[in-house]
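Note that the protein sequences, when read in sequence, are chains A and B. Each residue of the first sequence is one higher than the one before, starting from 0 at the first, in numbering that gives the first Met the number 0. Each residue of the second sequence is one higher than the one before, starting from 0 at the first, in numbering that gives the first Met the number 0.
Careful: at least some of the hints might be erroneous.
Chain A is faced by these chain B residues, among others (derived, beta-carbon under 10 Å) [said to hold, decoys possible]:
hint: 1; residue: K157
hint: 2; residue: M221
hint: 3; residue: Y281
hint: 4; residue: N291
hint: 5; residue: I413
hint: 6; residue: V417
hint: 7; residue: F465
hint: 8; residue: N467
Take a look, some chain B residues computed to stay more than 10 Å from chain A by CB distance [to be verified]:
hint: 9; residue: L19
hint: 10; residue: S48
hint: 11; residue: I52
hint: 12; residue: A61
hint: 13; residue: N184
hint: 14; residue: T186
hint: 15; residue: K199
hint: 16; residue: V202
hint: 17; residue: L206
hint: 18; residue: L209
hint: 19; residue: P226
hint: 20; residue: D227
hint: 21; residue: L270
hint: 22; residue: A286
hint: 23; residue: S445
hint: 24; residue: D474
Computed spacing ranges between beta-carbons, pair by pair [to be verified]:
hint: 25; chain 1: A; residue 1: R591; chain 2: B; residue 2: P434; range: 22 to 32 Å
hint: 26; chain 1: B; residue 1: S198; chain 2: A; residue 2: Y618; range: 12 to 22 Å
hint: 27; chain 1: B; residue 1: S433; chain 2: A; residue 2: K163; range: 30 to 40 Å
It is worth saying that the hints were derived from the structure and are not from the lab. Yeah, the Cβ is synthetic: ideal placement off N, Cα and C, and Gly gets one too.
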Amino acid sequence: MMLQHIAWIVLFAPLAAAALIALATRRDDRLSAQISIAASAVAFAGSLILFLAFDRFELAWSWLNVGPLKVDLGFKFDALSGLMLLVVTGVGTAIHVYSFGYMQGDRSFARFFASMSLFMFSMLGIVVSNNLAQMFVFWELVGVSSYLLIGFWYERPAAADASKKAFIANRVGDFGFLLGILMVWGLLGTVRFDELEARLRTDPGAMGAAATVAGLLLFCGAVGKSAQFPLHVWLPDAMEGPTPVSALIHAATMVAAGVFMLCRVFFLLNVPDSSALPVIAWIGGGTGLLAALIAVQQDDIKRILAYSTLSQLGMMVMAVGLGGPGPAMYHLVTHAFFKALLFLGAGSVIHAMHHEQDIWKMGRLSQRLPVTCKTFLIGALALCGVPPFSGFYSKDAILAQGFEHNTWLFLLAVFTAWLTTFYMSRLVIVAFFGGPKSSGAEEAHESPGIMTSPLIFLAVPSVVAGIAGIPGRLSTQFGAAAEGAHGPAGFAALFEPFSHSPLPAFLGLLVFMLGVAAACSFYWGAKEDPLPSKLGWFARAMKDRFYFDEIYSALVRLTQETIATAAAWFDRWILSGLMVRGAHGTTELVGRALRLAQTGNLQTYALLLAFGVAWMLFYALVAR
Amino acid sequence: MSVSYLFLEIAVVLSGLGLLLVDLWTPAEHKRGLGYMAAGAAALILAFSFSKIVDPGVSVAAFGGSFTQDALALFFKRFFLLAAVLILLMEVEFSDRITAGITEYYALTLFALAGMMVAASVNDFALLFVSLELMAVTFYVLTSFQRTRLGSLEAGVKYLILGAVSSAILVYGIALIYGSAGTMNFTKIADKAELLKESKIAVFGFLLVLVGLGFKVAVVPMQIWAPDVYQGAPTPTSAFLAVGSKAAGFALLLRVLHGAAPELLLSWERLLMILSGLTILYGSLCAIPQRNLKRLLGYSSIANAGYLFLGISAGTVAGVSAILYYLAGYLFAVVAAFFVICIVSKANDSEDISEFAGLSKHSPFLASVLALSMVSLAGVPPMAGFFGKFLLLKSAAEQAVSYPGYYVLLGVAIIGVVISLYYYFEVVRAIYWSPGSQDRRVIILSKPAKLALWTCAAGMVLVGVFPNLVARATDAAAAALKF
């Protein structure tokens, strides 16, 4: 089939764009941006064609063949990767277009687009990987390209630090991921997903007792990329990057990679011997709650969204841990749309406010920025889970999953959902309604069409993705059992949650209303945040992100200082002193001494030659 | 027909003679260009060596069994021809420093080449001596060819006297072997190996032959001449000594040890190992304090002889194949180094390493070729030198299973490699990181020089990057010997 080979175009168009911009068109800002946007759009179009034409196929090109290790550069297309391709390229294209407006006038305009394209390529590589080794390569590429994007304004110390932090936190997780891959390879003898799956289907106990360890090590990769506790600290700091980057990396793609990976290797986690899934579920749920609590007391519009992202990712990870990759992926898809929309909306606000990000300096933006406000509201409603917005359906799928498998986690998720509504309502009320809280808010102007049109473009799926039949498509991947709820598409899907599992659905609605009511009572017309005076130290701890950064930096400093001092001593005295200088001095001395034999005197030479020959003869004939 | 196997050598000698004739009708100012003719002739003969007429495809004994034409012989002949082409191009660059008789210089190079080519096919002690002396005598002349330069003459005299001593020892050894075996032919001697092994006279004779050949390849304790001669000789001659003469010595060693005395090879294993280790250490250690690049390369060539001896002492197909592989990479690296020295030292006749300081600034191409050569000689992947050393060490390591003494030798070899990194990179450092004097002219390269340098650079890289291609040829060549 020739049509399948579109796959390679989808994968490599962004790479080609990145290379072209970096090598040739760097000086021409406009052209560079156009190339990058075009590449993204081509990838999107290709993905759409593949999505419509195929259910599943796999292309592979043998890349590495060392002994028993065979690694392909593969393109695995199925329900999971097909959906993810659409999300990544679709949201990616919208963000590319948006960036064209948002980044206007930046000194390194072309570099920005080159990095964006490189990132797209890396992300697509993860999505289409047909084996763990390829996934790891692209996994690292995503790490690198996100490093470039977060630290895009590298001349700002905060951005440089944030990019470093993101990269290092990711590396910590990736190390575990790599160990996990090696372990899986060692236990099962292959890194290809289809072979692994076949192997485990015939012999579910093939990994034995090591299954838990291997599963948790693989999960480490997701902990890093999807910013789960305890590696969650990098994501909020990464908001130092340009806002389109936040939307692309920290809403729709990079952080989703962890969840995507968990869904991809779900068959490895879901084996009888493994008890990795409960751990995953609790870490996910815990992260969700923790991040939601922190979000309640943040003032920076992007940080609120960042913690919200953390919280939602926690929910997805929890869903995977509860045996439901279907709901997790479902929520991932809808979340990608509305969170990207929210970030881009926030970017539009920030643009209008001349880079002011504090929501307490905004107010009444609903009148100054009508389009931004409307689309932002759509996103917020979707995030809070109001029918018929998409978020309601996917979140309900997760709640239903929890309801069926683990009551405590279900309650935790419901509470998190309430917090979500609360902090989003707080954000919307403070920033968009009430009186203007600064002169900037009074003079704000709506962003240009190139920025608002992506908002509208993303608002559409944020509304309708819930009834587009995504769960049906996913159930071909995981089977109806693991998929959980929600089969049909269209009008029937609209009320499906209420008939399928009414309690979670109604609870979800209830906490939404409670959340809005609570937020309204606290924040409607408020000039400053009333919570700190009410909650005291707890509000302070929420605002200070429960002191994770401080604890980590103290820990790191302590261990690092100790190790560094020891290493310095070892290097100075043992390595440099004894070994390097010692060996160097001896060698040099011997060399100089031997050189004395080479006098240049012919008679001496002849004598030495004769002695040498005599010794040889003696050794060979007599001494032996 | 026997004579057809000698076509290559005949062609080389005729080219040399023809060159001398043409010289008579060539005006003095054009004589320099005759070197291109010589190089062209050698290149043609190199191309011809691939034809069916000279390459029988199987091992053939000709001229009453004294001459062998097999894969090994042809490998070496092509090696020498390629070396000669490059060296002749170098000699043209060098010609303005030869006051008189440049055509003779070219012709003598061709005669030395003929000697080497015969050496590759030797299967008889008489022919061995003839080919060796053809090489040796021409090299005495070539070494002292810069008659107005004291250093060149001194080197020539030293080489002549020490070479004569070693030739005398060699002849003495041959006489003893003939006395106890009653024949000069390798094959016939090998048939009597069981008997000869018991005879101390014959073993004594073989040891003396080893001394004579060891002198050619500059292995301890017969290495003493190399640094002085390499330094004093005209640069192209040093290069030809380092590549051609050394490789010819190894060809003869392989022929004698595997053709005439395969039994002795086993009992000499330890002696050969000790020689190998000592040579590596001596060459590497002495190279450290050197400031003259040609002298440094002289010591480096001693160390390299030591590495090649690893393969000799291993005495396996893998060992011989590794020797051939190593020589292939060594050819390009050494010729490249001497070529750059030849060009750079043109201006002020000094080969001190400080002359090369800042070379990268005004002649980046020459700098990168010299650096590549040093890196390859140091054995850094992916250059040819790395794979050569790797194969040699591997062949020795394979023997370590049966004889643990090889572990010591391997340790010594690795120490030698580490030391060599130091002095080779000293040169690289001078090229790239030392501030050079400002008043340098830009060096303009002639087209043939550029071609030769590109060939060397490509050779160093390709032999290292595509080891399979070369290894296939060396394996086939090595298989022609008896083990």
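Verification of the hints:
1. K157: Hint on K157/B: holds, closest Cβ of chain A at ~5 Å, below 10 Å.
2. M221: 6 Å, holds
3. Y281: 6 Å, holds
4. N291: Nearest chain A Cβ about 12 Å off; hint violated.
5. I413: 13 Å, violated
6. V417: 9 Å, holds
7. F465: This interface hint is violated because 18 Å lies over the 10 Å limit.
8. N467: With a minimum Cβ separation of about 15 Å from chain A (threshold 10 Å), the hint on N467/B is violated.
9. L19: Given that every Cβ of chain A is farther than 10 Å from that of L19/B, nearest at about 32 Å, it holds.
10. S48: 36 Å, holds
11. I52: 42 Å, holds
12. A61: 33 Å, holds
13. N184: It holds; N184/B is separated from chain A by about 24 Å at its closest Cβ, greater than 10 Å.
14. T186: Holds, since 24 Å exceeds 10 Å.
15. K199: Not fine: 6 Å to the nearest Cβ puts K199/B too close to chain A.
16. V202: 7 Å, violated
17. L206: Label violated. Min Cβ-Cβ 5 Å, cutoff 10 Å.
18. L209: 8 Å, violated
19. P226: Nearest chain A Cβ is 6 Å from P226/B, so the label is violated.
20. D227: 6 Å, violated
21. L270: 5 Å, violated
22. A286: The claim is violated: A286/B sits with its nearest Cβ about 7 Å from chain A, within 10 Å.
23. S445: Nearest chain A Cβ is 34 Å from S445/B, so the label holds.
24. D474: Nearest chain A Cβ is 22 Å from D474/B, so the label holds.
25. R591/A <-> P434/B: 22 to 32 Å: 26 Å, holds
26. S198/B <-> Y618/A: 12 to 22 Å: At roughly 19 Å between Cβ atoms, Y618/A and S198/B fall inside 12 to 22 Å, so the hint holds.
27. S433/B <-> K163/A: 30 to 40 Å: This hint holds: roughly 36 Å between Cβ atoms.
Checked against the numbered hints above, the structure violates hints 4, 5, 7, 8, 15, 16, 17, 18, 19, 20, 21 and 22; every other hint is satisfied.
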